[in-house]
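Going down the list, the protein sequences come from chains A and B.
Numbering-wise (this note's numbering), the first sequence opens with residue 1 and increments by one.
Numbering-wise (this note's numbering), the second sequence opens with residue 1001 and increments by one.
Hints may contain errors.
Rough simulated footprint, nothing fancy, chain A against chain B, three-plus residues with beta-carbon under 8 Å [claimed, not checked]:
| # | segment |
| --- | --- |
| 1 | 1016 to 1028 |
| 2 | 1042 to 1054 |
Quick list of in silico lysine to aspartate or glutamate cross-link-like pairs, DMTMM-like style, CA-CA up to 20 Å [unchecked claim]:
| # | chain 1 | residue 1 | chain 2 | residue 2 |
| --- | --- | --- | --- | --- |
| 3 | B | Lys1153 | A | Asp2 |
| 4 | B | Lys1153 | A | Glu13 |
| 5 | A | Lys30 | B | Glu1010 |
| 6 | B | Lys1158 | B | Glu1114 |
| 7 | B | Lys1153 | A | Asp3 |
| 8 | B | Lys1158 | A | Glu78 |
| 9 | A | Lys28 | B | Glu1010 |
| 10 | B | Lys1158 | B | Glu1106 |
| 11 | B | Lys1153 | A | Glu5 |
| 12 | A | Lys28 | B | Glu1044 |
| 13 | A | Lys30 | B | Glu1015 |
| 14 | B | Lys1158 | A | Glu95 |
| 15 | B | Lys1158 | B | Glu1131 |
| 16 | B | Lys1145 | B | Glu1131 |
| 17 | B | Lys1145 | A | Glu49 |
| 18 | B | Lys1164 | A | Glu5 |
| 19 | A | Lys30 | B | Glu1114 |
| 20 | B | Lys1145 | A | Glu77 |
| 21 | A | Lys30 | B | Asp1040 |
| 22 | A | Lys28 | B | Asp1008 |
| 23 | B | Lys1158 | A | Glu49 |
| 24 | B | Lys1153 | A | Glu77 |
| 25 | B | Lys1145 | B | Glu1132 |
| 26 | A | Lys28 | B | Asp1014 |
| 27 | B | Lys1158 | A | Asp3 |
| 28 | B | Lys1153 | B | Glu1106 |
| 29 | A | Lys28 | B | Asp1046 |
| 30 | B | Lys1164 | A | Glu11 |
| 31 | A | Lys30 | B | Asp1008 |
| 32 | A | Lys30 | B | Glu1036 |
Cβ pair distances, simulated, as ranges [unchecked claim]:
| # | chain 1 | residue 1 | chain 2 | residue 2 | range |
| --- | --- | --- | --- | --- | --- |
| 33 | A | His26 | B | Ala1071 | 20 to 28 Å |
| 34 | A | Gln81 | B | Arg1077 | 36 to 44 Å |
| 35 | B | Thr1111 | A | Glu72 | 35 to 43 Å |
| 36 | A | Ser54 | B | Thr1004 | 39 to 47 Å |
| 37 | A | Glu9 | B | Val1079 | 38 to 46 Å |
| 38 | B | Thr1004 | A | Phe66 | 53 to 61 Å |
Read the hints as simulated data drawn from the structure, not as lab findings.
Predicted, not measured: the structure shown is a model, and the values here were computed from it.
Using N, Cα and C, we set each Cβ at its ideal position, and we do this for glycine too.
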Amino acid sequence: MDDLESMAEFERELQTALARRPAPPHLKRKIMERRRQHAGRSPRMIWMERLAASLILAAVFGGAAFWRHQVEQRRGEEATQQVFTALRIANHALEQMNAQLAEHNRDAQ
Amino acid sequence: MAGTWQPDFEQLVDEHQSMVFSVALRMTGDYGLAEEIAQDVFLELDRHLRSIENPLHALLWLRRVAMNRSADALRRRRVRGISVEIDETHGARGEERISPLADRVERLLATVPEPQRAALVLRYQEDLTPEEIAVTLGAPLATVKSHLQRGLKLLRAKAAIHLKEYVRGA
């Protein structure tokens, strides 16, 4: 058997092996059930569902954005407080040093 | 024609459920997933029923959408990192009985690269010409011919190893 002939034979066998399979017996019932469920929802109901979903999404994203803003604001305030504290400490240290220098000058005189 | 033909959804399901299910099963290699895809395809048909012009249009539409939805399902599986392989229950679910050869050919087909598998399914299951396959897949004719040739060679080589006792041409 030459190559062309054996390939033709293989193609015939493939065609037989790949004949359409019967659909599962309950497939049609499931399709019709899902179709009925879908058809049972009026266009108004579908729009209401979409609107509700949009509102929920907007609330979730809006809430997340607000929370993030609050966190950033609090962090900013904390950072400012830390800077002020550092300045106060530095100022206190300088005042102490000034006092010590003044005392030292007085003693020298 | 569009005005005279009234599509009957239930009749379309009766006529084409085997085709849609078989395309999905052979593309995905998963019985349960093929069932889901077939349901989704027919529900999509229901939504587009008004645009279906005649019985042939319905057949072509269903075949194309079944291929597309199967490809989508395979893509989602790849994203989730699930490889395409036929499970042990393949071909054994439901009440149907298929021949051992058909079962093993399906298993081998699942190991062929997806574009070649799509061309082979449409050629040997649906008996389409390369030109019709090109239209169905929206691919250039030369690409389809190449997929068919390579896929057939690959499948034959695999069959020569795994299906020697069944296939004379392998």
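Evaluation of the provided hints:
| no. | hint | verdict |
| --- | --- | --- |
| 1 | 1016 to 1028 | holds (count 8) |
| 2 | 1042 to 1054 | holds (count 3) |
| 3 | Lys1153(B) x Asp2(A) | holds, 15 Å |
| 4 | Lys1153(B) x Glu13(A) | holds, 14 Å |
| 5 | Lys30(A) x Glu1010(B) | holds, 12 Å |
| 6 | Lys1158(B) x Glu1114(B) | holds, 16 Å |
| 7 | Lys1153(B) x Asp3(A) | holds, 11 Å |
| 8 | Lys1158(B) x Glu78(A) | violated, 69 Å |
| 9 | Lys28(A) x Glu1010(B) | holds, 8 Å |
| 10 | Lys1158(B) x Glu1106(B) | holds, 12 Å |
| 11 | Lys1153(B) x Glu5(A) | holds, 14 Å |
| 12 | Lys28(A) x Glu1044(B) | holds, 14 Å |
| 13 | Lys30(A) x Glu1015(B) | holds, 16 Å |
| 14 | Lys1158(B) x Glu95(A) | violated, 90 Å |
| 15 | Lys1158(B) x Glu1131(B) | violated, 26 Å |
| 16 | Lys1145(B) x Glu1131(B) | holds, 9 Å |
| 17 | Lys1145(B) x Glu49(A) | violated, 47 Å |
| 18 | Lys1164(B) x Glu5(A) | holds, 17 Å |
| 19 | Lys30(A) x Glu1114(B) | violated, 28 Å |
| 20 | Lys1145(B) x Glu77(A) | violated, 69 Å |
| 21 | Lys30(A) x Asp1040(B) | holds, 11 Å |
| 22 | Lys28(A) x Asp1008(B) | holds, 14 Å |
| 23 | Lys1158(B) x Glu49(A) | violated, 51 Å |
| 24 | Lys1153(B) x Glu77(A) | violated, 71 Å |
| 25 | Lys1145(B) x Glu1132(B) | holds, 11 Å |
| 26 | Lys28(A) x Asp1014(B) | holds, 7 Å |
| 27 | Lys1158(B) x Asp3(A) | holds, 16 Å |
| 28 | Lys1153(B) x Glu1106(B) | holds, 16 Å |
| 29 | Lys28(A) x Asp1046(B) | holds, 13 Å |
| 30 | Lys1164(B) x Glu11(A) | holds, 15 Å |
| 31 | Lys30(A) x Asp1008(B) | holds, 17 Å |
| 32 | Lys30(A) x Glu1036(B) | holds, 10 Å |
| 33 | His26(A) x Ala1071(B): 20 to 28 Å | holds, 25 Å |
| 34 | Gln81(A) x Arg1077(B): 36 to 44 Å | violated, 53 Å |
| 35 | Thr1111(B) x Glu72(A): 35 to 43 Å | violated, 53 Å |
| 36 | Ser54(A) x Thr1004(B): 39 to 47 Å | holds, 41 Å |
| 37 | Glu9(A) x Val1079(B): 38 to 46 Å | holds, 40 Å |
| 38 | Thr1004(B) x Phe66(A): 53 to 61 Å | holds, 59 Å |
The structure does not agree with the numbered hints 8, 14, 15, 17, 19, 20, 23, 24, 34, 35 stated previously, though it agrees with the rest.
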